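The primary structure of each chain is shown beneath.
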Amino acid sequence: MCRLILAVVFVFFAGNSMAAGPLKHEAQDWSWNGIFGTYDRAQLQRGLQVYKEVCSGCHALKYVAFRNLVDLGYSKQGIRAFAKTFDVKNAEPNEEGETFTRPGRVTDYFPSPFPNEQAARASNNGAYPPNLSLMVEARPHGADYLYALLTGYKDPPKGMKISEGMNYNSAYPGHQIAMSAPLDEGAVEYTDGTKATVRQMATDVTAFLAWTAEPNLEERKSMGLKVMLFLFAFLVILIAMKRRTWADVH
Amino acid sequence: MEKKQFDNKLVQWVDHRLPVFSYMNAEYNEFPMPKNLNYFWNFGALATVVLVTMIVTGILLAMQYTPHTTLAFGSIERIMRDVNYGWLIRYIHANGASMFFIVVYIHIFRGLYYGSYKAPRELLWMLGVVILLLMMATAFMGYVLPWGQMSYWGAQVITDFFTAIPIIGNPLTEWLRGDFVIDNATLNRFFSLHYLLPFVIVGVVALHVIALHVHGSNNPDGIDIKEPQDTIPFNPYFTAKDSVGLGVFLIIFAFFVFFAPNYLGHPDNYIEANPLATPAHIVPEWYFLPFYAILRSITFDIFFLEAKLLGVIAMGAAVMILLIVPWLDTSKVRSARYRPLYRIFFWVLLVDCIILGIVGVKSPSDLVFPGISWFDYKTLGLIGTIYYFGHFLFLMPVLGLIETPRPLPTSISKPVISLSSGGGSAPIGAAAAKKEKA
Ligand code: HEM
Chain A
1 MCRLILAVVF
11 VFFAGNSMAA
21 GPLKHEAQDW
31 SWNGIFGTYD
41 RAQLQRGLQV
51 YKEVCSGCHA
61 LKYVAFRNLV
71 DLGYSKQGIR
81 AFAKTFDVKN
91 AEPNEEGETF
101 TRPGRVTDYF
111 PSPFPNEQAA
121 RASNNGAYPP
131 NLSLMVEARP
141 HGADYLYALL
151 TGYKDPPKGM
161 KISEGMNYNS
171 AYPGHQIAMS
181 APLDEGAVEY
191 TDGTKATVRQ
201 MATDVTAFLA
211 WTAEPNLEER
221 KSMGLKVMLF
231 LFAFLVILIA
241 MKRRTWADVH
Chain B
251 MEKKQFDNKL
261 VQWVDHRLPV
271 FSYMNAEYNE
281 FPMPKNLNYF
291 WNFGALATVV
301 LVTMIVTGIL
311 LAMQYTPHTT
321 LAFGSIERIM
331 RDVNYGWLIR
341 YIHANGASMF
351 FIVVYIHIFR
361 GLYYGSYKAP
371 RELLWMLGVV
381 ILLLMMATAF
391 MGYVLPWGQM
401 SYWGAQVITD
411 FFTAIPIIGN
421 PLTEWLRGDF
431 VIDNATLNRF
441 FSLHYLLPFV
451 IVGVVALHVI
461 ALHVHGSNNP
471 DGIDIKEPQD
481 TIPFNPYFTA
491 KDSVGLGVFL
501 IIFAFFVFFA
511 PNYLGHPDNY
521 IEANPLATPA
531 HIVPEWYFLP
541 FYAILRSITF
551 DIFFLEAKLL
561 GVIAMGAAVM
571 ILLIVPWLDT
581 SKVRSARYRP
591 LYRIFFWVLL
601 VDCIILGIVG
611 VKSPSDLVFP
621 GISWFDYKTL
631 GLIGTIYYFG
641 HFLFLMPVLG
651 LIETPRPLPT
661 SISKPVISLS
671 SGGGSAPIGA
681 AAAKKEKA
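In order, the protein sequences belong to chains A and B.
Take 1 as the starting number for the first sequence in my numbering and just add one per residue.
Take 251 as the starting number for the second sequence in my numbering and just add one per residue.
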């Protein structure tokens with residue numbers, strides 16, 4: 001009986017997975033995968049460079065503050081200097097009541113490239129470049145999807161018509177995206193000398209965005225291992241206690 | 251057991267005036283429990299633990315959360331990034347909701363299998379159904395609070411179903427939302443109610459346990475306690491056994507919290523709510539999927555009743571029907587162990603609910619098997635829905651009348667029927683008894 005049910009359920013699922021769409025995103029071997037996974041600091045730093053030099057022209061990085069960059073292994077001075085390279089609109093007006101921009105400070109958040117959605121659309125052919133800080137959590141297949149998207153710019157298959165201002169992309173749902181290929185060979189010059197191939201930059205910026213989406217991932221996993229270890233030991237004790245308690249029950 | 255009750259003078263003094271200590275002693279220390287309970291009797295205790303966990307983490311979250319449409323999403327991100335262990339508290343709370351439902355669903359199916367809803371436990375069961383309804387309302391409103399895309403659009407879709415009610419539908423929906431659309435007024439009242447309802451649940455759980463302790467727990471044999479040897483005191487026996495269940499449960503819970511915290515969630519809820527962009531697929535949380543499938547399975551009008559309204563009625567009825575289960579079941583025998591037919595249909599019902607859950611995530615027009623063009627998920631959902639109601643309204647009453655139950659053991663202490671008493675049933679009973687002892 002049970003086996004029959006299992007067989008039916010199995011056929012059911014098998015049938016379903018075959019019907020799933022043809023979008024391509026292969027699983028990559030990310031350094032933070034698995035229960036022991038951690039971020040690779042050098043990779044995150046390269047990713048930050050790609051974000052800063054390429055993506056930040058169009059995409060915001062809400063909720064991430066310059067001070068958070070200590071996690072990437074930067075020094076306080078380094079971060080202070082990095083923050084200064086951004087123009088930030090001061091929250092309060094000056095004594096004359098005028099708003100003003102000033103060089104960024106450690107406590108500031110990454111500024112958005114556009115003052116509002118309308119302005120962003122106006123400079124992007126009506127399309128809206130979304131905030132990237134949560135992108136890895138906001139899409140199915142997260143980092144794998146992002147990598148596939150950034151490396152998915154190809155010639156469209158024969159016979160496919162691409163609308164005005166759109167680009168073919170093998171990973172994007174519907175295969176037509178308003179963002180033109182953001183990464184070209186050598187688009188950045190890595191300070192650590194890594195060769196800036198499209199794949200390299202896509203990997204690095206994806207890793208960086210995985211960190212912006214979940215900066216506490218490492219703390220979570222290391223705490224998780226300790227908690228699990230404790231819980232398993234605790235369970236053994238509880239089972240032993242239960243056995244002893246119940247030994248006289250017949 | 252004549253013990254020196256309460257050596258401590260202060261305890262004696264208090265107990266003489268407010269007998270909380272005698273109460274705890276009678277209800278949780280010496281309380282007689284059937285000694286043959288298996289691990290399925292852990293789930294009530296587990297549900298209690300999750301309920302407390304949800305309330306504690308919820309109160310901590312509420313200290314940092316801002317119920318305003320422009321600030322809610324950002325305040326959650328602040329909790330995740332800047333509040334000390336905020337990510338931990340939030341992941342516990344979010345995954346705790348899923349754990350709560352899985353525990354309570356197992357608890358309910360346990361009741362269905364062992365006939366725990368039958369006399370004299372009808373009110374205990376009905377209070378359980380009330381708890382389930384309150385949990386659903388609480389979870390639904392809680393999911394709206396982070397103000398992500400699924401929060402917003404889920405609330406939009408679900409509240410929209412109230413417009414199907416004739417005449418009062420539209421005003422009722424506006425009244426629920428506090429606005430013509432889901433907006434700040436809705437978010438505020440949902441936050442208020444989401445904070446309130448768990449405490450109402452605590453109250454109903456108290457009644458649930460009071461009702462339970464009148465006649466005590468049912469047991470896997472489904473027979474009444476007949477002699478003192480049938481029972482053992484709750485403490486230390488079931489404190490020990492519940493602790494083992496809790497230990498296993500915490501490992502599963504912790505696995506989700508620490509290693510797959512977003513697995514049960516939906517990626518769209520990491521996008522801030524946008525009333526102008528509808529997500530491609532609006533799906534509720536997994537624990538609502540079977541009910542969502544029932545809601546969407548009715549796509550045709552019956553006389554003057556609109557399909558949409560019928561769907562809403564069917565969904566409501568799917569939960570409400572549990573209230574009358576004690577009277578739909580006509581069998582005198584409680585436990586499915588001794589009900590050869592009911593036992594089979596119990597498992598079919600469980601599979602039906604899982605299938606309905608799968609239907610709930612799929613688009614209604616997708617094909618179940620590629621190549622069979624008439625068999626889409628809408629059709630499967632309708633079949634599943636008809637079966638679901640058929641189980642309760644037809645099978646339950648009829649099975650009790652046509653089925654010949656196996657001979658029941660004479661008492662819990664003598665679970666195995668003496669071999670002379672009757673043919674084939676003894677080995678089955680023996681095997682079952684052996685399995686449960688583990
Ligand atoms: C917040 C949710 C709930 C809590 C905290 C809770 C708590 C408990 C506890 C502590 C017990 C005794 C231990 C056990 O038998 O597992 C119990 C028994 C029971 N509960 Fe619940 N419960 C909840 C929801 C429900 C629901 C939704 C139902 C049914 C619709 C239900 C039906 C029952 C029944 C019938 C029993 C008696 C079981 C027996 O004696 O065989 N409960 N509950």
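Worth flagging that the hints you see were computed from the coordinates, not collected in a lab.
Keep in mind it's a predicted model, so treat the numbers as computed, not measured.
Where a beta carbon is used, it is the ideal one built from N, C-alpha and C, also for glycine.
One should not assume that every hint holds.
[What the hints assert, rightly or not] One-sided excerpt, in silico: chain A residues whose CB lies under 8 Å from chain B: (1) Ser31; (2) Ile35; (3) Ala42; (4) Ile79; (5) Phe86; (6) Val88; (7) Lys89; (8) Ala138; (9) Arg139; (10) Met166; (11) Asn216; (12) Met228; (13) Leu229; (14) Leu231; (15) Phe234; (16) Ala247.
[As the list claims (entries may be wrong)] Derived CB-CB ranges, DEER-like: (17) A:Gly165 x B:Thr320: 25 to 33 Å; (18) B:Phe449 x A:Glu96: 29 to 37 Å; (19) A:Gly186 x B:Leu443: 50 to 58 Å; (20) B:Leu321 x A:Ala42: 46 to 54 Å; (21) B:Ile604 x A:Glu26: 24 to 32 Å; (22) B:Leu643 x A:Gly159: 51 to 59 Å.
[To be verified] Okay, derived cross-link-like pairs now, EDC-like style, lysine to aspartate or glutamate, Cα gap no bigger than 20 Å in a straight line: (23) B:Lys664 x A:Glu117; (24) A:Lys76 x B:Asp332; (25) A:Lys62 x B:Glu327; (26) A:Lys52 x A:Glu185; (27) B:Lys285 x B:Asp480; (28) A:Lys89 x A:Glu117; (29) B:Lys285 x A:Asp248; (30) A:Lys221 x B:Asp332.
Evaluation of the provided hints:
With 8 Å as the threshold, the beta carbon of A:Ser31 stays out of range of chain B, its nearest partner Cβ sitting at about 16 Å, so the hint is violated. The restraint placing A:Ile35 at the interface with chain B holds, with a minimum CB-CB distance near 5 Å, inside the 8 Å limit. Residue-level restraint check for A:Ala42 is violated (minimum Cβ-Cβ distance to chain B is 23 Å; threshold 8 Å). At about 16 Å, the closest approach between the beta carbon of A:Ile79 and any beta carbon in chain B exceeds 8 Å, and the interface hint on this residue is violated.
Here the hint on A:Phe86 is broken, as its CB sits about 19 Å from the closest CB of chain B, past 8 Å. Interface restraint check: A:Val88 against chain B, minimum CB-CB distance 18 Å, threshold 8 Å, status violated. Checking A:Lys89 against chain B: minimum C-beta separation of about 17 Å lies over 8 Å; hint violated. Hint on A:Ala138 holds. Least Cβ distance to chain B is approximately 4 Å, under the 8 Å limit.
The criterion of a C-beta within 8 Å of any C-beta in chain B is met by A:Arg139, whose closest approach is roughly 6 Å, and the hint holds. Because the closest C-beta pair between A:Met166 and chain B is about 18 Å apart, greater than 8 Å, the hint is violated. The criterion of a C-beta within 8 Å of any C-beta in chain B is met by A:Asn216, whose closest approach is roughly 5 Å, and the hint holds. Here the hint on A:Met228 is kept, as its CB sits about 6 Å from the closest CB of chain B, short of 8 Å.
With 8 Å as the threshold, the beta carbon of A:Leu229 stays out of range of chain B, its nearest partner Cβ sitting at about 11 Å, so the hint is violated. Here the hint on A:Leu231 is kept, as its CB sits about 5 Å from the closest CB of chain B, short of 8 Å. The beta carbon of A:Phe234 comes within 6 Å of a beta carbon in chain B, closer than 8 Å, and the hint placing it at the interface holds. With 8 Å as the threshold, the beta carbon of A:Ala247 stays out of range of chain B, its nearest partner Cβ sitting at about 11 Å, so the hint is violated.
Taking the beta carbon of each, A:Gly165 and B:Thr320 are about 31 Å apart, inside 25 to 33 Å as hinted. The supplied range of 29 to 37 Å is broken by B:Phe449 and A:Glu96, whose beta-carbon atoms lie about 52 Å from each other. For A:Gly186 paired with B:Leu443, a C-beta distance near 56 Å keeps the hint of 50 to 58 Å intact. Taking 46 to 54 Å as the suggested C-beta distance range, the pair B:Leu321 and A:Ala42 does not conform, at roughly 36 Å.
Here the CB-CB span from B:Ile604 to A:Glu26 is close to 30 Å, well matched to the stated 24 to 32 Å. For the hinted restraint 51 to 59 Å between B:Leu643 and A:Gly159, the CB-CB distance of approximately 55 Å keeps it satisfied. A hinted pair counts as satisfied when its Cα atoms are at most 20 Å apart, and B:Lys664 with A:Glu117 does not qualify at roughly 74 Å. In summary, the hint linking A:Lys76 to B:Asp332 is supported, as the alpha carbons are separated by about 18 Å, within the 20 Å threshold.
For the proposed pair A:Lys62 and B:Glu327, the alpha carbon gap of about 10 Å is at most 20 Å, so the pair holds. Restraint check for A:Lys52 and A:Glu185: the C-alpha separation of about 17 Å stays at or below 20 Å, so the hint holds. With a CA separation close to 6 Å, the supplied pair B:Lys285 and B:Asp480 stays within the 20 Å bound. With a C-alpha separation of about 17 Å, the suggested pair A:Lys89 and A:Glu117 falls inside the 20 Å cut-off, and the hint holds.
Straight-line distance between C-alpha atoms of B:Lys285 and A:Asp248 comes to about 12 Å, which keeps the hinted pair within the 20 Å bound. The straight-line distance between the Cα atoms of A:Lys221 and B:Asp332 is roughly 18 Å, inside the 20 Å bound, and the hint therefore holds.
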